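So you can see what is in the structure, the chains are spelled out below.
There are 2 protein chains.
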Amino acid sequence: MPTLKDVAERAGVTVTTVSRMLNGRVRVSSATQERIRQAMEELGYYPNEMARSLARKNSSFIGLIVPSAQNYFFADLIQHVEAAAEEQGCRLVLCVSNQDRKKEQAYYQMLMSNKVLGVIMASYELNFEELRHSTRLFIAFEESGSVEIPSASTDDFLGGKLAGTHLLDKGCRHLVYLGANAQKNSVSDRRYAGFCAACAERGIAQPLQMDASWDEFIRMQYDATVGEMFRKYPETDGVFASNDILAAGVVQYCRRNRIDVPGRLKIVGYDDTSFASICSMPLTTIHQPVEELAKYAVRCVVNRANGNTIPSSTVFPVHLVERETT
Amino acid sequence: MPTLKDVAERAGVTVTTVSRMLNGRVRVSSATQERIRQAMEELGYYPNEMARSLARKNSSFIGLIVPSAQNYFFADLIQHVEAAAEEQGCRLVLCVSNQDRKKEQAYYQMLMSNKVLGVIMASYELNFEELRHSTRLFIAFEESGSVEIPSASTDDFLGGKLAGTHLLDKGCRHLVYLGANAQKNSVSDRRYAGFCAACAERGIAQPLQMDASWDEFIRMQYDATVGEMFRKYPETDGVFASNDILAAGVVQYCRRNRIDVPGRLKIVGYDDTSFASICSMPLTTIHQPVEELAKYAVRCVVNRANGNTIPSSTVFPVHLVERETT
Chain A
0 MPTLKDVAER
10 AGVTVTTVSR
20 MLNGRVRVSS
30 ATQERIRQAM
40 EELGYYPNEM
50 ARSLARKNSS
60 FIGLIVPSAQ
70 NYFFADLIQH
80 VEAAAEEQGC
90 RLVLCVSNQD
100 RKKEQAYYQM
110 LMSNKVLGVI
120 MASYELNFEE
130 LRHSTRLFIA
140 FEESGSVEIP
150 SASTDDFLGG
160 KLAGTHLLDK
170 GCRHLVYLGA
180 NAQKNSVSDR
190 RYAGFCAACA
200 ERGIAQPLQM
210 DASWDEFIRM
220 QYDATVGEMF
230 RKYPETDGVF
240 ASNDILAAGV
250 VQYCRRNRID
260 VPGRLKIVGY
270 DDTSFASICS
280 MPLTTIHQPV
290 EELAKYAVRC
300 VVNRANGNTI
310 PSSTVFPVHL
320 VERETT
Chain B
0 MPTLKDVAER
10 AGVTVTTVSR
20 MLNGRVRVSS
30 ATQERIRQAM
40 EELGYYPNEM
50 ARSLARKNSS
60 FIGLIVPSAQ
70 NYFFADLIQH
80 VEAAAEEQGC
90 RLVLCVSNQD
100 RKKEQAYYQM
110 LMSNKVLGVI
120 MASYELNFEE
130 LRHSTRLFIA
140 FEESGSVEIP
150 SASTDDFLGG
160 KLAGTHLLDK
170 GCRHLVYLGA
180 NAQKNSVSDR
190 RYAGFCAACA
200 ERGIAQPLQM
210 DASWDEFIRM
220 QYDATVGEMF
230 RKYPETDGVF
240 ASNDILAAGV
250 VQYCRRNRID
260 VPGRLKIVGY
270 DDTSFASICS
280 MPLTTIHQPV
290 EELAKYAVRC
300 VVNRANGNTI
310 PSSTVFPVHL
320 VERETT
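If you read the protein sequences in the order shown, they are chains A and B. Residue numbering for the first sequence follows numbering that gives the first Met the number 0, beginning at 0 and increasing consecutively. Residue numbering for the second sequence follows numbering that gives the first Met the number 0, beginning at 0 and increasing consecutively.
Honestly, the hints are just simulated from the structure, not real lab data. Don't take every hint at face value.
Claimed, not checked - According to the in silico footprint, chain B covers these stretches of chain A (three or more CB under 8 Å from chain B): (1) 35-46; (2) 148-157.
Stated by the list, open to error - Part of the chain B face toward chain A, derived, beta carbon under 8 Å: (3) Ala68; (4) Ala74; (5) Ala82; (6) Ser112; (7) Met219; (8) Asn256; (9) Ile277.
Remember, it's a predicted structure, so these values are computed and weren't measured experimentally. For each residue, glycine too, the CB sits at the ideal point set by N, CA and C.
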C-alpha cells in the first residue's frame with residue numbers, strides 16, 4: 000500500500016508539505032496541491048480518515064438503528080437519513096436490530112465506541128431512561144419520555160383522528176383499528192386514541208381494536224390477523240390500519256374473498272410510504288413527513304455535536320391523502 | 000468524557016493494565032477484568048474503536064454502495080448484507096449513490112480512506128477497469144468484466160428464458176419485454192436475450208422491447224412507459240417486466256383500464272422482492288437469491304481481507320415463482 004512518503008517523492012515535495020495539505024491547517028500553493036493530488040491519484044493513495052478522526056476525537060459518522068431495512072417505512076427513513084447525512088458531510092452507519100434488545104444494545108455500544116457524532120434510534124427496545132446521560136442519542140418517531148434525550152416524532156393522535164373522521168364522513172359505522180405494535184410502544188396507542196376521539200365526537204360506538212404481531216410486522220405478511228378480524232367482526236365496514244402494508248394486506252384479503260373495496264369496506268392506511276401509491280389499488284393513508292423528520296434529526300445530531308443547544312422534543316404534523324380504498 | 004485514567008483509578012489498577020485488557024495482547028486476571036469492566040460501565044466509558052482500528056490498519060467496516068435504499072430490491076439487499084456483516088462481526092457503512100457517478104466516486108474514495116475491509120458495489124456508474132488495482136472491491140449483481148475484480152451475479156439469461164417459456168406455455172403470442180435500465184448496464188440485455196431465446200426455440204416472433212428511464216426506476220413510478228406500451232402495442236398478451244415494481248405498474252394500469260389479468264394479459268416480474276407477494280395481486284416473478292448472494296459477498300470481502308484467495312466470478316441460479324398474474 001502506498002505511503003505518505005511515496006506521495007511526497009512522486010510529487011517532488013516533502014512529507015511535511017503533503018501532511019500540511021491533508022490537514023488543511025497551513026496554506027499550500029494551489030500548484031503544489033494539484034501536484035500532490037495527482038500523485039495520490041496515480042499511486043492509489045487514500046489519506047487515512049480514521050487517523051484524522053482520531054485527532055479530532057470525533058468521526059464524521061452518524062449511526063442509525065432501525066428494526067428492519069426491508070420494511071418499506073424504514074427503507075424510506077434510511078433513504079432520507081442517508082441523503083441528509085451526506086448533505087452534512089457525514090457518513091451513515093446502518094444498524095438493523097430486528098427488534099432484538101441485545102442487538103440494539105450491542106449496536107448502541109459499538110457506535111459509541113466508534114465515537115460517532117450521534118445515534119438516531121428508530122428501534123425502541125432499550126430503556127431510554129438508562130441512556131439519559133448520553134449526549135449523542137436522538138430518538139426518531141417516538142417520544143423519549145426524558146427531557147435529556149431529544150426526539151422528533153409525528154402527531155399520532157391527529158393521524159388517528161383524521162382517519163376516523165374520514166371513514167365516518169364516508170358513511171362507515173362499524174369501525175376496526177388494526178395495530179401492528181401496540182405492546183411495544185405507545186405510537187399505536189396514540190393513533191387508536193385519536194381514532195376513538197373522532198368516534199366520540201360524532202356519538203359513534205368506540206371502534207374495536209386488534210393487534211398484529213411483531214413477527215408479522217417484520218415479515219410484512221399479515222394474513223393471520225386480517226383473516227381473524229373478518230371472522231370475529233364480519234359486519235366491519237371501515238378499517239384503519241396502522242401501516243400501509245397492513246392496509247394492503249386487507250385489500251389483498253378482500254380481493255381474494257370478493258369483498259368490494261371501497262363499496263362494502265373502506266380502508267385507511269398509515270405512513271404514505273412509496274408503496275401506498277404503487278400497489279395495484281392505491282391506498283388512502285395518513286402521510287407522515289419522513290423526509291422532513293429525517294433531515295431534522297440529522298441536523299439536530301450535528302448541531303448538538305458542535306455544542307449547540309437543540310429542542311428536547313419536536314412534533315411534526317401529519318395529513319390524510321385520499322386515494323382509491325375509501 | 001471519561002478517560003482511560005479515570006477507569007484505571009476507579010478500578011484500582013494501572014492505566015497499563017486497562018490498556019492491556021482492551022488490546023487483549025497480555026493476560027489480565029478475570030477478577031481484574033471484571034473490576035475494569037464494571038468501572039467502564041459506571042463511568043460510561045467506551046473504548047475507542049477508531050484508535051484500535053488504526054493500530055490494526057483496518058477497520059471492521061464494510062461499505063455497501065447502492066443506487067437507492069428505498070427501491071424494494073435494494074432494501075432487501077441492504078437487509079441481507081447488514082445481517083451477514085453483523086454475523087461476521089463487521090459493521091455496515093451504507094452509501095446511496097442515486098446513480099450519480101460523482102457521488103459513487105466520492106463514496107468509494109471515502110470508504111477507502113476509512114480503511115474499510117471491503118466495498119460491495121451494487122451501483123455501476125464507475126469504470127470498473129480503472130479500479131482493477133483495488134484489492135477491496137467486490138461487485139454484486141453484475142459482472143465486473145475484469146478478472147482482477149471479484150463479482151457475484153445471478154443468471155440473467157436463464158431468468159429471461161424461464162419468463163419467456165412460461166408465458167408461451169400459457170398461450171401468449173404477442174410478447175413485450177419492459178426493461179428498466181438497458182442503457183446503463185448489461186443485466187437487462189441478458190434478460191432480454193434469454194427471453195428471445197425462449198421464443199426462437201418455439202419459432203415465435205422475437206418479442207418487442209421497451210425501456211423505462213432511470214428516473215422512473217428511482218421513483219418506482221412507471222406510468223409513462225406502461226401507458227406508451229399499451230398505445231404502441233395494443234395487441235400485447237404477455238409482458239415480461241425486468242423488475243417487480245414495473246410488473247405491478249402494469250397490473251395497476253390494467254386495473255384502471257379494465258384489462259383482465261391474467262385473462263387478457265399475463266405478466267411476469269423479476270426479483271421476487273417481498274413486494275411481489277404483498278401487492279394486492281401477487282406477481283408471478285423470477286426469484287433472485289438476494290440473501291444467498293449478500294451472504295456470499297460479505298464472506299468474500301472478509302476472506303480476501305484476511306489474505307485468502309477468492310473466486311473471481313460466481314453466478315447464482317434463479318427460478319420462476321408462479322402466482323396470480325399468469
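To see whether the hints hold, each was checked on the structure:
no., hint, in the structure
1, 35-46, "holds (count 3)"
2, 148-157, "violated (count 0)"
3, Ala68, "4 Å, holds"
4, Ala74, "4 Å, holds"
5, Ala82, "7 Å, holds"
6, Ser112, "4 Å, holds"
7, Met219, "6 Å, holds"
8, Asn256, "12 Å, violated"
9, Ile277, "6 Å, holds"
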